[in-house]
Every structure is written in structure tokens, then in C-alpha cells.
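Letter by letter, the chains look like this.
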Amino acid sequence: MIVYILCFILFLVGLFGILTSRNIIKIVIGLSFMEFSVYLFLVLIGYIDNGQAPILSDNIAAAKYVDPLPQAMVLTAIVIGLATKAMLLTMAIRIYKKFNTFDIRKVTSLKG
Amino acid sequence: MSPIVKKVTQLVSGIIFLYGIYIILHGHLTPGGGFAGGAILAGSFILLVLAFGSDVLRLRTKEEGSSLTESLAILAFVLMATMAMLLGTKIFFSNFLPKGHIGELISAGVIPLYNIAVGIEVAAALFTIFLALVIYKEEITK
Amino acid sequence: MDKFIPLFVILPLIAAFLIPVFGRFLKAFNKTITLLVFLTLLILSLFYLFAGSQASFVYHIGGWKPVNGVPIAICFLLDPFSGFMLIIINMMAFLSTLYSVSYMTRYTGENYYYTLFAIMVAGLNGVVITGDLFNLYVFLEVTVIASYALVAFGTEKEELEASFKYQVLGGMATALILFSIGMIYWYTKTLNIFDISAILKDSSDYKLIEFTQLMLIAGFGLKAAIMPFHGWLPDAHSSAPSPISAMLSGVVIKAAGLYVIFRLFFNMFEISYVIGIIITVIGTLSMVVGVFLAIGQWDLKRLLAYHSISQMGYVILGVGMGMLILSRNGSEALAALAITGGLFHLINHAVFKGLLFLNAGSIEYRLNTRDLKHMGGLSASMPLTYSTSLGASMAISGIPPFNGFFSKLIIIVAAIQARYYVLALLAVVVSIITLASFLKFQRYAFYNTKVEHEKKKYRDVPFVMILSMVIMALLCLGLSLLIIPDVRDNVLQPAVDVLMRKNDYFINILNM
Chain F
4 MIVYILCFIL FLVGLFGILT SRNIIKIVIG LSFMEFSVYL FLVLIGYIDN GQAPILSDNI
64 AAAKYVDPLP QAMVLTAIVI GLATKAMLLT MAIRIYKKFN TFDIRKVTSL KG
Chain B
83 MSPIVKKVTQ LVSGIIFLYG IYIILHGHLT PGGGFAGGAI LAGSFILLVL AFGSDVLRLR
143 TKEEGSSLTE SLAILAFVLM ATMAMLLGTK IFFSNFLPKG HIGELISAGV IPLYNIAVGI
203 EVAAALFTIF LALVIYKEEI TK
Chain D
249 MDKFIPLFVI LPLIAAFLIP VFGRFLKAFN KTITLLVFLT LLILSLFYLF AGSQASFVYH
309 IGGWKPVNGV PIAICFLLDP FSGFMLIIIN MMAFLSTLYS VSYMTRYTGE NYYYTLFAIM
369 VAGLNGVVIT GDLFNLYVFL EVTVIASYAL VAFGTEKEEL EASFKYQVLG GMATALILFS
429 IGMIYWYTKT LNIFDISAIL KDSSDYKLIE FTQLMLIAGF GLKAAIMPFH GWLPDAHSSA
489 PSPISAMLSG VVIKAAGLYV IFRLFFNMFE ISYVIGIIIT VIGTLSMVVG VFLAIGQWDL
549 KRLLAYHSIS QMGYVILGVG MGMLILSRNG SEALAALAIT GGLFHLINHA VFKGLLFLNA
609 GSIEYRLNTR DLKHMGGLSA SMPLTYSTSL GASMAISGIP PFNGFFSKLI IIVAAIQARY
669 YVLALLAVVV SIITLASFLK FQRYAFYNTK VEHEKKKYRD VPFVMILSMV IMALLCLGLS
729 LLIIPDVRDN VLQPAVDVLM RKNDYFINIL NM
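Chains as they are written, first to last, in the working numbering: chain F, 4 to 115; chain B, 83 to 224; chain D, 249 to 760.
Rather than coming from a laboratory, the hints here were simulated on the basis of the structure. Possibly wrong hints are sitting among the right ones.
Facing chain D, according to a computed beta carbon distance under 8 Å, are these residues of chain B, among others [stated by the list, open to error]: (1) Leu154; (2) Ile173; (3) Phe174.
On a predicted model such as this, the values are computed, not experimentally measured, just so you know. Backbone N, C-alpha and C define an ideal beta-carbon position, used for all residues, glycine too.
Let's have the full structure, built from the sequences with the hints guiding it.
Here it is in C-alpha cells:
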């Protein structure tokens, strides 16, 4: 149970980072924290105590396997997260080029 | 970078490249596979660019090449996924090759081929992302 | 039909990655292949609609059939509701691409534009036809990543800021959605939507399920920009290139947000009173607040974007009322009427809001401004843009015989029959304020003749842009035909049936 709580705390840390930090890069890092906590949660729900790696072979027929599906899901989600982070960082560099700052309070061309 | 770094990078990057290929080819047997191996391949390229540096113009041509490779790898992947449909079974992502024995390098039907396509794609994509970020940064400092 | 289902994902993907390879040698390759692909998909989806039976088809990827009734692989599902959404998506994609052929000459990097556009449509089609929860998430991300890039396509200050905002909020939504998918998997140990619904039917752990449902509403509500989560929409939709605004407002918030909410809460979870109330309340809120925020806008595209929030409120209101009536064991015919109104308004909104954004794009194409105060007197110099936008404005503010009138009428009649008099009154009031707001748009953009003398020099926009706008304006009129009972029974009723009768419906799916 304690790991789930820690996982949730990590989620809240990410949310806190997004809400309070003013640096664009730090916002991206906060977003990554949120996503990583979700990945951790997904891996945890597939975990079984004393479970083995889910590799099919002839020697151990009735072994206790951990659930492989959440692991596949996490790998896919990591790849997607990579794409979003790359987009975000590219955007951050472009914003720096246009506004000459990483401060989110000064990035205010849109109003209303 | 200093000559020591350059020399060591020259020696190491080839080995990293080989290791990436190993991971990709054994994707259906061991942990790892296309994505992990592709990331390692991209790492060897990125290491070279970091150690030797390059001017923006050369980076741009490299970026064009790697993004072209990326498109081609995805097309190869889609082609393999639809190959069975073209061959007449009407099943998307179907296995059309013999399965072989568990644990051998050439086994598991089309999965090694998918792994190779994914590996090339991931290597090219990561390298393209890296180059794009570097190019943007160079544009700012100018 | 079932063997064509994966083509909805494959064809746009192939087109998307052929463009960077061949687009650099052949000049018009990018436009031609995207148009061809979208036309093919549109014909395929119309073929599904008119082929008669409107049956459901299941497609098991890789040929992995269910074992003992337990699905073991990802499956694609084409049922009347998905078919209905596929028509909206591919029709709007085709018309927006047609418009882009001339419009996008303003920008550089057209190859990237068409690539991203095709990827976005592939993701949208995937979201609509998939029957697997995690696969839905993957397609959703494919869609939104492409749309992040498309919003920022101009790479000016505004576009970048809007896209960054969109991405941060979208990233939070992604985390929430993935988290709730994890919760559902934890509870049911399966990811297939129909399998999950079969398991949830006999479950008793309401607390966990309600928590998950709230997380899902928050996540997909962020993607659909319904009221408390709407912050990113006006920025993103007004900063994007106009065909992309039309796609984002017309299709993406519907397919990636509302479609998923309806599908999951009607077909996967048991219909519950609490969720019905929540959905109806946020629908009403976004309907009312959206229109009040829209009134004060002088930026044309921003005004239209706020109206998107308001009009999506109508859709959610209609469907939410249907859910409320069903959960209280009210009359099924009444619930069906409310849901029909919601879905009817969904397709109507796709067409007229798409058209309005294209009109805004035309004005921007000639005048290089989006500020209503700097327009005026355009009715003489851009007659076709003017007449199509007049039609769309009348459709959105609910004036007969345009389609918007009939769908709003159905929703209001359903609200009155179900004795939700306050909701009916609010729907009427919001419609009147919408009319006021669009009168302002018409007056300042097209009539205001004080500044006319300097506007004489503008001509109307190129032919293909006119063509796609005229087709959409005709659709605005033509979709009114859906009110005729025979037509409605063939087009809307099967989709409504999918939402309402999940129990006799999904048992068949699991056995296919």
C-alpha cells in the first residue's frame, strides 16, 4: 500500500511543479513527474510478489508470472511521452527565441 | 572537445552501435527490442556529434537524411503490417512467415522484421529530434 | 465491409509518410494524395451508411480470435455510432484539405502540414473505430500530438504560446486518462471495452468505479474543452491556420473528447444517476458560460472558438438528459429523443462551425486581420464568402430552415417533455444570445459601410476555397433533411440505439 501512496505523492509533486513554477522548462519537468508517477502506478498494478519474468519456456510450466500487459502499456506510454516531451521542448526553445525569456509570466501575447 | 574525448568517442561509438544492433536483432528473445536498441543506435550518433561538433549547415543536411530515413522505416513497417492483406488473407498485422523454434535467432515469424524497422525508425527519430534541438539552439546564439 | 475497417487507419498513415519521401521531388504530390485518401475514406464511410444493414463489424487484429469468449487481442469495431463519427471526420477532413490547397500557400513547409494533417486524421479514425481502451489512448495521443504541432504551425508568438498552453493542459489530461485506464485494468484485468462492460455489470465496488469515472470525465473533458476545463480552447483554435481551426473545432474536440465520453459512459460503465447529473450540469454550464464569454470578443476566430464551447454544451446537454432519463427509468422514447437531438447537433455543429472558421480564414486570407473592427463592407467585394457565412450564422443561431434550428428544437422539446423546464429556458436564451453575437459578426464584417471605400480593392478568394465553403453551406441546408423521420431512422436512430441498448447489443459483439 505504501508504494501506491508514494506514487500518488509523486503525482502531486508534479502537479505542484506545474502550478507554481514560472520557468517553462520546470513546467515541462513537472509534467514529466506526473506522467512518470502514472507509469509507476501501471507497473505496480501488474506486480505479483515473488513473480517471475513472463517469458514462456518449456522448463517452468506452472510458474507464477507477473502480468506482462501493464509493462507493454508502460513501454508504449513512455514512447508517447517521449514524443510529447520532444514537442514541448522544441516549443520551449522556439518561445525562448521569440520572447527572449523562459519566464511564463512574460509570455503573454494572447489575452481575453 | 579535447583530443582525448575525440579519440575515446571514436573507439567507443562503434562498439555502442554494434551493441544497439545486437539488442535490436535479439528483440524477440531477450528484453529490449526495437525501441531500446534504436535508442542506443541514436546514442552512438549523438555521441559523435557532441564530441566532434559540427556547423549548422552540415547538421541541416544530416537532419534531412535522418528524417527521410525515418519516413522510409515507417513505410517499411506499414508495408510489413499490410503484407498479409496484400497476400490475400485480409488480416492486418498477420504473421505470414514460419514461426521456427523458441530460442533461435531466426524464429518468431515477422517479429524480428518489425523490430528492425522499429529500431531504424527510433534511431532516426531520436537523432532527428536531437539535431532539430541543436539547430534551434544554434539559430538563437547567432 | 469488415475487411475494409483497418483501411481507415492504414491509408492516412501511408499517405502521411509517403509525402516526406516523394513530396520533395513532385510538386503537387502532397495535396493530391491527401485529397485522394480522404475522398476514398469518405466514400467508404458513406458506403457503410447506405449499404443498408448498418450492422456491426468486429475486426480482430492479427487474426487473434477470442478464446472461450475472452478477447485476447486488440479489436476494431465498426458500429453505427462509429460509422456516424467516421462520416463527420472524413467529410470535414476532405473539405478542409480542399480549402487548404489554396489557403496554405501563405505558409512554408506544406509537406509537413499535409503529413501532420494525415496523421491527425489517422488518429481520429483510430479513436473512433477501436474497441480497446489502451489502443484508444494511443490513437488519442497520435491525434493530439499532431494537433499540437499544427496549432504552432505559424511559429509566431501567439501560435507558440497557444500551443504550449494546449500541450501542458493536454499532458495533464493524458496523465489522468492513463491513470484511469490503469485503475480500470486493475479492477477488471482486461482492456477490451465490451469485456469490461460485462465485468462491471456484476460488480459492487461503486466507490472505486465512481472515482475512476470522475478521473475519466476530467481527462476527456480537458480534451473536449467542456466548461471547467476550457482554458486552452480559445487560444489554440484561434491561433491555428484556419483549416486546422475548422478541424479542431469541428472534429477533434468531438471525436477525441465527446465521442469517447459518450462511448465509455453509455456502453462501458453502467448508466448512473450521479454521472448523468454531472454531465448535464457541465453541459449546461459550458453552454451558458461559453456564449457569455463569446459576446465581448472582437477577434473573429476567438469569438467562434468560444461559441464552440457553447455549442458543445448543447450536445452534452442533449445526451446528458438522455442519460438522466434512462437512469431514472423514464420513458425510453423520450431518452432516445434527447440523445437524437444531441447527436444531430453534433454533426450540425461540425458542418457550420467548420464553415464559419473557413469564412474567417477567407477574410484573413485577403485582409490579413482577424479584428472585427478592421473589417466592414465586405458583402460587396467578397459575395460568396458573405453568403456562405450568412448561412452558417443562421444555422448556428438556430433559424429555420437551417440544420441548427432542428437539432436545437429537438433538444428543447426533449427538455420540456422531460420536465427540465429550466434547461429548456436556458437553451432558448443561449440561442438568442448566439443570434445577437452573430448579428454583430455579420454587421461588423460585411455591412459596416463606413469604411467601405478602402475595401473595394479586395477580391473574393480562390476557386477551391469557394468550392469547399459552398459545399459546406449546402450541407448546412441539406442536413435539415435528417429531421424527416424516414431519413432519421436510417442515419441517426441506429447510432442512438447503440448508445441506449448496450445489453442486447454487446453480447453479440463478444461472440463475433
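Discussion item. When the structure is checked against the list of hints, which entries are broken? Sort them ascending.
Written reply: none
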